[in-house]
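If you read the sequences in order, they're chains A and B. In terms of numbering that gives the first Met the number 0, the first sequence has 5 at position 6, counting the first letter as 1, and numbering is strictly consecutive. In terms of numbering that gives the first Met the number 0, the second sequence has 98 at position 99, counting the first letter as 1, and numbering is strictly consecutive.
Check the hints yourself; a few may be wrong.
Below, a list of computed lysine-lysine pairs in the DSS-like style, where the Cα atoms sit at most 30 Å apart [stated by the list, open to error]: (1) B:Lys-129 / A:Lys-168; (2) B:Lys-72 / A:Lys-168; (3) A:Lys-82 / B:Lys-194; (4) B:Lys-142 / A:Lys-178; (5) B:Lys-7 / B:Lys-76; (6) A:Lys-178 / B:Lys-7; (7) A:Lys-82 / B:Lys-241; (8) B:Lys-32 / A:Lys-178; (9) B:Lys-72 / A:Lys-82; (10) B:Lys-76 / A:Lys-168; (11) B:Lys-76 / B:Lys-129; (12) A:Lys-168 / B:Lys-194; (13) B:Lys-71 / B:Lys-129; (14) B:Lys-118 / A:Lys-82; (15) A:Lys-82 / B:Lys-187; (16) B:Lys-129 / A:Lys-119; (17) B:Lys-142 / A:Lys-168; (18) A:Lys-178 / B:Lys-187; (19) B:Lys-241 / A:Lys-168; (20) B:Lys-76 / A:Lys-82; (21) B:Lys-138 / A:Lys-82; (22) A:Lys-82 / B:Lys-142; (23) A:Lys-178 / B:Lys-71; (24) B:Lys-32 / A:Lys-82; (25) B:Lys-113 / B:Lys-32; (26) B:Lys-138 / B:Lys-194; (27) A:Lys-178 / B:Lys-194; (28) B:Lys-138 / A:Lys-178; (29) B:Lys-129 / B:Lys-194; (30) B:Lys-118 / A:Lys-178.
Calculated from the structure, these hints are not laboratory results.
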Amino acid sequence: MEYLYHLAVLFTIYAGLAISLDLIVGYTGLLSVTHAAFYGFGAYSTAILMTRYGFNFFVSVGVGVLVSMVLALLIGYVLSRFKDDYYALVSFGFNIIVFSIFLNWQDLTRGPLGIPGIGKPELFGFAFSSTLEFLGLAVVLMSLVYSVARFIVNSSFGRVLKAIREDEKAISVFGYDTKTYKLVIFVISAGMAAIAGSLFASYITFIDPSTFTLNESIFILAMIILGGLSNIRGAVLGALFLILLPEALRFVGFPTDIAAQMRQVVYGALLIGLMLYRPQGMMGEFKL
Amino acid sequence: MSQNYALKTHSLTKQFETVRAVHNLSIHFEVGKITGVIGPNGSGKSTLVNLLTGLVPHTAGEIIVAGKVGLKKVSSKDMTVYGITRTFQEVRLFEQMTVLDNILVVTTCRGWFKGIFEKHGTYHLAIAEKVLHRVGIWKFRDKLAVNLSYGQRKLLEIARVLAMREIGSAQIVFFDEPYAGLFPEMVKLVSEIMKELRSEGATVVLIEHNMDLIRELSDRVIVMDSGELLAEGEVAEVLGRKDVVEAYLGE
Numbered sequence: 000m001e002y003l004y005h006l007a008v009l010f011t012i013y014a015g016l017a018i019s020l021d022l023i024v025g026y027t028g029l030l031s032v033t034h035a036a037f038y039g040f041g042a043y044s045t046a047i048l049m050t051r052y053g054f055n056f057f058v059s060v061g062v063g064v065l066v067s068m069v070l071a072l073l074i075g076y077v078l079s080r081f082k083d084d085y086y087a088l089v090s091f092g093f094n095i096i097v098f099s100i101f102l103n104w105q106d107l108t109r110g111p112l113g114i115p116g117i118g119k120p121e122l123f124g125f126a127f128s129s130t131l132e133f134l135g136l137a138v139v140l141m142s143l144v145y146s147v148a149r150f151i152v153n154s155s156f157g158r159v160l161k162a163i164r165e166d167e168k169a170i171s172v173f174g175y176d177t178k179t180y181k182l183v184i185f186v187i188s189a190g191m192a193a194i195a196g197s198l199f200a201s202y203i204t205f206i207d208p209s210t211f212t213l214n215e216s217i218f219i220l221a222m223i224i225l226g227g228l229s230n231i232r233g234a235v236l237g238a239l240f241l242i243l244l245p246e247a248l249r250f251v252g253f254p255t256d257i258a259a260q261m262r263q264v265v266y267g268a269l270l271i272g273l274m275l276y277r278p279q280g281m282m283g284e285f286k287l
Numbered sequence: 000m001s002q003n004y005a006l007k008t009h010s011l012t013k014q015f016e017t018v019r020a021v022h023n024l025s026i027h028f029e030v031g032k033i034t035g036v037i038g039p040n041g042s043g044k045s046t047l048v049n050l051l052t053g054l055v056p057h058t059a060g061e062i063i064v065a066g067k068v069g070l071k072k073v074s075s076k077d078m079t080v081y082g083i084t085r086t087f088q089e090v091r092l093f094e095q096m097t098v099l100d101n102i103l104v105v106t107t108c109r110g111w112f113k114g115i116f117e118k119h120g121t122y123h124l125a126i127a128e129k130v131l132h133r134v135g136i137w138k139f140r141d142k143l144a145v146n147l148s149y150g151q152r153k154l155l156e157i158a159r160v161l162a163m164r165e166i167g168s169a170q171i172v173f174f175d176e177p178y179a180g181l182f183p184e185m186v187k188l189v190s191e192i193m194k195e196l197r198s199e200g201a202t203v204v205l206i207e208h209n210m211d212l213i214r215e216l217s218d219r220v221i222v223m224d225s226g227e228l229l230a231e232g233e234v235a236e237v238l239g240r241k242d243v244v245e246a247y248l249g250e
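With the hints as constraints, model all of the structure from the sequences given.
As structure tokens, this is what we get:
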């Protein structure tokens, strides 16, 4: 049972990451491969503030979101000069830079040693220390992310994002300042990813740079492509699918020690199959 | 030159790397009239529209919107503020969005912050219903734009311009070859719409190859050749000129 709760926490965190990335990739059509960077900003902010300065978890989440959004403003500003394949490549580059900073700014992040002993969230004397309690908190925070995302995509703003995805020049002719729209959604999405990062840091109690690599960004991207772009529920479904996949593989008889590696192979194969037979993903509205 | 212009250019020039698409062009479009723009392929007509709608920056010269100073630099966002809108020669729709959303998206507010807290309401829907009915594609409102026929796609673009007019952002409308590929009954509909716009006092610019349509609709005509102004004036007079016939009609 405990293990199920553990999976549920992981799923909840990844669902938040997938939802927030879908706002950029699925709705706005910007192929960003740097989401793990913002996930990392949240995680590191929380880890550093809690272990070194004794911050409360909830305050550190707030700071983490802020840090991530400010950095997203800078990164997003540079990215807004690119489009299509170049956008993907440049975002790719940012993930590598951020990873190197996590790895090499040892005074701040302790580099490859990582930051251990991150505390559990506490609120008015109540500690979310058991997995089930933590799951409750994670579900609440990620439901918030889910609701905000739904609110945004159903708004007039959200419709303009889709139009930018379809034809940025055409929508700009009708008077929309598309650069600002792209930047705003990028920053909002980064804030959401930071919440997921804070949860992750506090849940696992230890973080090191290896969690925030390009691979992680691609993993999150795979979730939303699988679940279906431009569909918030699809993003959640994609996260569920890829989190449960290694477990399923274990059930069908793969030895535990190769299940993790098999995950890579199987989700690679799945993606290829999906692109061949259903390019819009399981629930998607939009083909990349 | 008439003082009653809606939009005017002064020595407008666009130099692409090696090609001079528009050169030293000084023209004007009169308020409440349909101005036809004709010229052989590659004469710079579409580039002119791209310049005047801010899609492409011009290299030199000025664009003068009535009552405003000469603009050395224009963005498409500004041009909407000045009430300039357009259709595209190669239809540009928001393909993987519904027909309804293609209209709604141009009717909602322009600021991002307000936009997050705005949902389309009866006001926006009423506009969409009106303009989609006008071009006869309201029944396809829930279809994705990508699934429309070619003619319906052209009509959706025109509906989008009408929606801009409903929100008060289309005093000057450029139609870049709106008739290409349309069935006769659709041609009739588009002509009706253009005359309606004129009778409402809008300034209409029609880029078109079909001389019968130009004669039927235009009050004035501008002839371009190799990015330069070849002739302008009353339709009958200009189309009767020998050099115009040679450059364009003679072939």
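Here is how each hint holds up against the structure:
Distance hint between Lys-129 of chain B and Lys-168 of chain A is fulfilled; the C-alpha atoms sit about 26 Å from each other, no more than 30 Å. Distance restraint check for Lys-72 of chain B and Lys-168 of chain A: the Cα-Cα separation of roughly 17 Å lies within the 30 Å cut-off, and the hinted pair is therefore satisfied. With a C-alpha separation of about 40 Å, the suggested pair Lys-82 of chain A and Lys-194 of chain B falls outside the 30 Å cut-off, and the hint is violated. In summary, the hint linking Lys-142 of chain B to Lys-178 of chain A is supported, as the alpha carbons are separated by about 28 Å, within the 30 Å threshold.
Only pairs whose Cα atoms come within 30 Å are accepted, and Lys-7 of chain B paired with Lys-76 of chain B is accepted, the gap being roughly 18 Å. With a C-alpha separation of about 29 Å, the suggested pairing of Lys-178 of chain A with Lys-7 of chain B holds against the 30 Å cut-off. Of the pairs offered as hints, the one joining Lys-82 of chain A and Lys-241 of chain B is violated, with about 48 Å between alpha carbons and a cut-off of 30 Å exceeded. Among the hinted pairs, Lys-32 of chain B with Lys-178 of chain A is inconsistent with the structure: their alpha-carbon atoms are about 35 Å apart, more than 30 Å.
The hinted pair formed by Lys-72 of chain B and Lys-82 of chain A meets the criterion: a straight-line CA distance of about 23 Å does not exceed 30 Å. Distance check on the hinted pair: Lys-76 of chain B and Lys-168 of chain A sit about 11 Å apart at the alpha-carbon level, within 30 Å; holds. Only pairs whose Cα atoms come within 30 Å are accepted, and Lys-76 of chain B paired with Lys-129 of chain B is accepted, the gap being roughly 25 Å. At most 30 Å may separate the alpha-carbon atoms for a hinted pair to count; Lys-168 of chain A and Lys-194 of chain B meet this at roughly 28 Å.
Of the pairs offered as hints, the one joining Lys-71 of chain B and Lys-129 of chain B is violated, with about 37 Å between alpha carbons and a cut-off of 30 Å exceeded. Proposed proximity of Lys-118 of chain B and Lys-82 of chain A is supported: the alpha carbons are some 28 Å apart, at most 30 Å. This hinted pair does not check out: Lys-82 of chain A and Lys-187 of chain B have alpha carbons roughly 40 Å apart, beyond 30 Å. At most 30 Å may separate the alpha-carbon atoms for a hinted pair to count; Lys-129 of chain B and Lys-119 of chain A exceed this at roughly 57 Å.
Between Lys-142 of chain B and Lys-168 of chain A the alpha-carbon distance is near 23 Å, which keeps this suggested pair within the 30 Å criterion. Distance check on the hinted pair: Lys-178 of chain A and Lys-187 of chain B sit about 39 Å apart at the alpha-carbon level, beyond 30 Å; violated. At roughly 39 Å between alpha-carbon atoms, Lys-241 of chain B and Lys-168 of chain A are farther apart than 30 Å, so this suggested pair is violated. Annotation: proposed proximity of Lys-76 of chain B to Lys-82 of chain A holds, straight-line Cα distance about 20 Å (limit 30 Å).
A hinted pair counts as satisfied when its Cα atoms are at most 30 Å apart, and Lys-138 of chain B with Lys-82 of chain A does not qualify at roughly 35 Å. Taken as a hint, the Lys-82 of chain A and Lys-142 of chain B pair is honoured in the structure, with Cα atoms around 28 Å apart against an allowance of 30 Å. At roughly 22 Å between alpha-carbon atoms, Lys-178 of chain A and Lys-71 of chain B fall within 30 Å of each other, so this suggested pair holds. At most 30 Å may separate the alpha-carbon atoms for a hinted pair to count; Lys-32 of chain B and Lys-82 of chain A exceed this at roughly 39 Å.
Taken as a hint, the Lys-113 of chain B and Lys-32 of chain B pair is broken in the structure, with Cα atoms around 36 Å apart against an allowance of 30 Å. At roughly 25 Å between alpha-carbon atoms, Lys-138 of chain B and Lys-194 of chain B fall within 30 Å of each other, so this suggested pair holds. Distance restraint check for Lys-178 of chain A and Lys-194 of chain B: the Cα-Cα separation of roughly 36 Å exceeds the 30 Å cut-off, and the hinted pair is therefore not satisfied. For the hint linking Lys-138 of chain B to Lys-178 of chain A, the alpha-carbon distance of about 34 Å lies beyond 30 Å, and the restraint is violated.
Pair hint Lys-129 of chain B plus Lys-194 of chain B holds up; C-alpha atoms about 18 Å apart against a cutoff of 30 Å. Among the hinted pairs, Lys-118 of chain B with Lys-178 of chain A is consistent with the structure: their alpha-carbon atoms are about 21 Å apart, no more than 30 Å.
Checked against the numbered hints above, the structure breaks hints 3, 7, 8, 13, 15, 16, 18, 19, 21, 24, 25, 27, 28 and satisfies the rest.
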